[in-house]
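Student: Protein chains in written order, with this note's numbering: chain C, 1 to 695; chain Y, 1 to 319.
In short, the hints are calculated from the structure, not lab data.
Be careful, since some hints might not be right.
Straight line, CA to CA, 30 Å or less: simulated BS3-like cross-link-like pairs of lysine-lysine [unchecked claim]: (1) C:451 to C:402; (2) Y:89 to C:451; (3) C:451 to C:119; (4) Y:223 to C:402; (5) C:102 to C:119; (6) C:623 to C:402.
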Amino acid sequence: MTATEATISDARTAALAVDNLEMSYVVRDIPREVLRGVTFEVRPGEAYGLVGESGCGKSTTAYAAMRYLPENARITSGTVYVDGGDVTHMSSRRLREFRARKASMVYQDPVQAVNPSLKIGRQVAESFEILGNSAAASRQLAREALRRVRIADPDSVMDRYPYQLSGGMLQRVVIAMALASDPALLVLDEPTTGLDATVEAEVLDLVRDLRDEIGAAILLIAHNLGVIRSMCDRVGVMYAGRIVEEGTVDVVFDSPGHPYTVGLLNSIPRHGLRKTDRELFTIPGNLPQIGDPLPTCVYVGRCPLATDTCRTEIPPVVALDEGHWTRCHYPERIGEIPEPDSVSTEHLVGESELIGIHGVSKTFHQRSGDVPALVGVDLGFSEGETLGLVGESGSGKSTLAKTMLGIYEPDEGGEITLRGRVMAGHTSNRIEESIRSIQMIFQNPDSALNKSWTVRRILSRAVTKLTGVTGSTAEAQAIAIARAMRLSERHLDMRPRQLSGGLKQRVAIARAFAGDPTVVVADEPTSALDVSVQAAILNLLADLQRDVRTSYLFISHDIGVVRYLADRIAVMYVGRVMELGPTDDLFAGPNHPYTEALLSAVPSVDGEAEHRIPLTGEIPSPKNPPSGCVFHTRCHRFIPGTCDVADPPVVEVRSGHTIKCHIPPEQLAVAQAQRLADIRGALDPSPAVDQGSEE
Amino acid sequence: MTHIPDHVEAGVEQPDAGAFGPHDAAIDEVAAPGHTRRQVRREQVRLLLRSPGFIIGCLIGGLWIFSSIWPEVLTVWGSKDTVVDASGKTLLRVPPNDVAWFGTDRLARDVYSRVIFGARPILITAPVATLIAVIIGTLLGMWTGYFRGWVDEVLSRILEAMLSIPTILLAIVIVFTFGPTPAVIIGTIAFLFIAPIARTVRAATLSESQLDYVTAARLRGEKSLYIITREIFPNIVGVVVVEVTVRLGYAVFTLATLAFLGLSGGNVTDPNWGVDVAQNYQQIVAGVWWPTIFPALAIGSLVIGVNLIADSIERATKT
């Protein structure tokens, strides 16, 4: 191994070359370092990914590439070249010209990237007009641009306003505008973060297809490692304003050379990992804050391999393979990073039904008509069990959870039972035991915690209200719960805004557990958190379940996370349960075609074959559900004359694994095995694909 | 002024791992800005004390408050005394001079004394009316914003109807109907200001009650009254404070207008800015401007002073 410096091969010909960029944000007259010497290049036609957790400087780097920086940003040294031009020293007039013609950016939230009061056609045409085309020509070009991003009917889209389009469609429009100038560089900043998994897959497919057509270099910023792996040629792993490892995606993700990369990869549930196998890896300590002094190795405070050398000397850039390097003193010791312990106690799931949801429907009565958000849902789960709930947004997952919690009252006829006894529909009518038995963890802890209350008050009140004890006993109990959630005592007198996202979520979990609940509903509890924090929260939830045998109704769009935590999974679509089964059975198949499509849409960190089943169009509105099987409009195994006529039966595949489909399970099994065989045949002998691996 | 996050030492004093595994350790993180609530408050107060608008507003307001409590300290003549010079001659309609600083009016009363003594009625009625309006408006706004439903629908329509009629017009009609007693005037102003206050508070309560902590409170079986007063109210108190100051300015203005129109709630000879303006303005064409201009300036300065304070508070709470 030879120690070299990360260098730019040729800034003149690179689409983007960032050369030793150092940048600070000036906050209250004090410069705070955000980028500590970032160096990388993106060759023409190449896709380069930047990954890292929040605050690592990846978005700052992206904006620096456009020199699109806030007032208080100071480039202290280094240069950025785009298509051979020095962006850092351009006059503002040349910069304008550069942004119009050389580089484009696609932002995280497409809704904010478009003007809500202008029609789509006008907005897309504008990006051509600015290049000097006439109004009529621009309109024509806009039409073609929309067709290029696979919008089938550009004329009708051009005549609509942004609010009339879905998130996925809008992101296509934004991409079309970004490509208007045939840029040399296309920067994508978390382009799919707010989108559903299926829509995300669609947008990623589009970008992948376009790469061949446009020849632009792509800089992709994402916190989702799966997205980076499926989209990019090379990846840079960023931490605290420095790239700590760089290489091709396969090499970096399969044989990482930096302890941080190892930590990141091990924090996410991969390779079908389950809670019964082992805990998730977490990175000890905290992300450094912007401006923290980190004179030597940026990762030294959290690194399991750190020695005195790491604390005193700046680590060299160590080349591992061709084009793969790491900034670490001990890349050869990577293998010594310990695996998390396997779980000692056996995970126990009770026999009898704890919560039963029997024939529950929920119809919202609106002025414009009735909206059946839930239709005849039958589910149940036992003590110590986790029921995972998956489906696209709008599938009725949250409505089901809220109905169970008593926030919504179910329609006549359905009933929700707790240990066999029917509960009242609305919380206010429920007896104390039912109230205390079912609690909830919310997605966004900022909204879930009262910002004018201290942690102590939040927890004490929950204890008092749910267990009846008051005063100092309640407070002592609150402190005990806080301890169990691994909050320290000094957090008790803080208010939510003083806590980080992970800590806030711990407080929210502590509150939910204040009254020893038997069931906790968790609605996307980790989707607002970074992966290393997510791992700690998932471990905590699994621990609590082992300890006190709580049941979870766990809602998440992240299939890997659901697979890790859930004992059984229910797949919902337009307010109906389409498939229900034990986690292992569900991943083994055969599956409902909708489940099949959902599973195929997940971009995987493990680099498994990418053969997505397209889910075209939008999820139908529950107001006007399709006839027959509600999924027939988007189903790839649609049988005309059957599926669009009759409601499909619920068929048992194996004991406890049911599918609501007209196609018999045996036939589904054959068809799905055939599909996987085709994929394998089309590729080289690659590692097993998810759906088939457990059989 | 340095600002260093005060919780940087991370990873220390972790509680005993107990039954939990060793890899559950990413815990002691504290959010980046490190603003405690007290720091934010202190920063807001500092901002307030530094803003020139707030200082000027407080000086003006303070002067009028002093005048309303101890008018005798600031004056030589009583508000109804006839001013005479050293020789005992009655000074009728004399311009500002060293005996009567603001001149005298057509009844030889000292305009300066009347301005100083005139502070008291308005500084009692305006705050009392505002306070009543804010209390009722806040209760109504929180009630409708939290419960919504048909009560909200009906009340909102009524409030909107009230808002569509010019305040002063409605005030004249009500005071005229029930007679210009101080109680009626205070009640009228309070009644008229309920609508805008309730609307503002309702909007704040509505957005607050859609947050998950309210759902969490319902899920642990809290009573609605508890949720409104203990959970939501602390988060909208800033809105209420701003509303108090803004409405106080309007109350002064409306009361002076009513007094000008003869609906003062007192005797015509009592010192009252609005009344004095009304009694003397016709003489301006004759060149006797002082009995009108000085009380008018007093009204203006009080309204401006209160508004300056209101603006600075609003700006400070938004930072």
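Student: With reference to the structure, classify each hint as holding or not holding.
Tutor: Going through the hints against the structure:
About 23 Å separates the Cα atoms of residue 451 of chain C and residue 402 of chain C, which keeps this hinted pair within 30 Å; it holds. For the hint linking residue 89 of chain Y to residue 451 of chain C, the alpha-carbon distance of about 70 Å lies beyond 30 Å, and the restraint is violated. Among the hinted pairs, residue 451 of chain C with residue 119 of chain C is inconsistent with the structure: their alpha-carbon atoms are about 39 Å apart, more than 30 Å. For a cut-off of 30 Å, the pair hint linking residue 223 of chain Y to residue 402 of chain C stands: about 19 Å separates their Cα positions.
Between residue 102 of chain C and residue 119 of chain C the alpha-carbon distance is near 26 Å, which keeps this suggested pair within the 30 Å criterion. For the hint linking residue 623 of chain C to residue 402 of chain C, the alpha-carbon distance of about 19 Å falls within 30 Å, and the restraint holds.
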